[in-house]
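**Q** This is what each chain is made of:
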Amino acid sequence: MEREDKDLINDIKQGKKEAIDEIIKKHQKRVYNIAYGLVMDYDKAWDISQEVFVKLVRNIGQFREESSFTTYLYRVVMNAFYDFKRRDKHYDRSILLSETTGENDNVKFEIKDVINIEEDSEKKFLKDDIKKAMTELTDIQRQVFVMKNMEGLAIKEIAEFFHLADGTVKSHLNRAIEKIKAKLKGRTNG
Amino acid sequence: MDEKCRKIKESITEYVYNELQGELKSEFEAHLNSCPECRQEAEQQKQILSAYQSMKVDFSEDVWLVQRQNIIKKLEAGKKGILQTIFSNMLVRRLSYAMIVMIFIGISTFAYVRHMLIEKEIVKNLDMYQNMDVIEQLDILEHIADNGDNS
Numbered sequence: 001m002e003r004e005d006k007d008l009i010n011d012i013k014q015g016k017k018e019a020i021d022e023i024i025k026k027h028q029k030r031v032y033n034i035a036y037g038l039v040m041d042y043d044k045a046w047d048i049s050q051e052v053f054v055k056l057v058r059n060i061g062q063f064r065e066e067s068s069f070t071t072y073l074y075r076v077v078m079n080a081f082y083d084f085k086r087r088d089k090h091y092d093r094s095i096l097l098s099e100t101t102g103e104n105d106n107v108k109f110e111i112k113d114v115i116n117i118e119e120d121s122e123k124k125f126l127k128d129d130i131k132k133a134m135t136e137l138t139d140i141q142r143q144v145f146v147m148k149n150m151e152g153l154a155i156k157e158i159a160e161f162f163h164l165a166d167g168t169v170k171s172h173l174n175r176a177i178e179k180i181k182a183k184l185k186g187r188t189n190g
Numbered sequence: 001m002d003e004k005c006r007k008i009k010e011s012i013t014e015y016v017y018n019e020l021q022g023e024l025k026s027e028f029e030a031h032l033n034s035c036p037e038c039r040q041e042a043e044q045q046k047q048i049l050s051a052y053q054s055m056k057v058d059f060s061e062d063v064w065l066v067q068r069q070n071i072i073k074k075l076e077a078g079k080k081g082i083l084q085t086i087f088s089n090m091l092v093r094r095l096s097y098a099m100i101v102m103i104f105i106g107i108s109t110f111a112y113v114r115h116m117l118i119e120k121e122i123v124k125n126l127d128m129y130q131n132m133d134v135i136e137q138l139d140i141l142e143h144i145a146d147n148g149d150n151s
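Taken in order, these protein sequences are the chains called Z and D.
According to our numbering, the first sequence is numbered sequentially starting from 1.
According to our numbering, the second sequence is numbered sequentially starting from 1.
Treat the hints with caution; some may be incorrect.
[To be verified] In silico DSSO-like pairs for lysine-lysine, Cα to Cα no more than 30 Å straight-line: (1) 44(Z) x 179(Z); (2) 16(Z) x 120(D); (3) 56(D) x 25(Z); (4) 85(Z) x 26(Z).
Honestly, the hints are just simulated from the structure, not real lab data.
If we strip away everything but chain Z, and leave its shape as in the complex, we get (with noise of 0.2 Å):
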């Protein structure tokens, strides 16, 4: 049975390992997929998520438990994510991966080599036409977005978490979809 996260937390600031373990494997999906969300490219996305949980553990002090964990692990992602943007005009994977693994371990891999997406040619057209259309929101269209679509949060519970009205986040999310459709050209049935 799936342990609560406040459970978890708590054995990992008593400095048990296996609640580090637990933890990571209970939102590590989750957290792939929304900086998969925000970046679009799944090699970024490995790096990114580990980060964040590395930096989650490190700094679990932190975490006073005024706001849900699942809150504190979307700020944790969002900070990530800008950490990732200031330094990826020099991003260089290979760094990343050795800092990860470690100098004698030699575990390289690329993430496109390890997921198998079969679907027809035009479903993946659309996919690859989305992805550079999401390269060109702005961050704050871009991780509202995600947000929505990844998370499912409702669009109150964005606005709460981006400190915005609600009428910002359907006006992001509006611009979102329209820059999308407007990458699409006659792709979807419209």
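With chain Z held as given, fit chain D onto it using these hints.
**A** Positioned in the frame of chain Z, the structure of chain D alone reads:
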């Protein structure tokens, strides 16, 4: 696009995300039934969102396990090299360089001042010895002169 369509378009995002409730939702759906343009717009948005949502990634459990192992390794590496972690911070590194330069300047200044003080002391002592020599010679001359007078 008439006034009703414009109004509907404002709520289309909420509709496609199923966030329109009660009367607003019924009103919206009634309009979609009578307006092919708005219906097409809603359908298109739903299609885009469905395609995007289907881009969610999942790996086999082996791959997720590799990620967990990587994270744990990184955390353990961080524990071992706490000094390394501190010095990897650019600000700390710059402060360290500044401190090294300041310590070097301090030691050099101290050595220079000390050297100058010693030199001053030597000069002072030499002067004193020279003066003592002169006094001694005067004493001898005075003594000879006294002896001469007595004889």
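**Q** State the violated hints by number, sorted upward, taking the hints as numbered earlier in the document.
**A** 2
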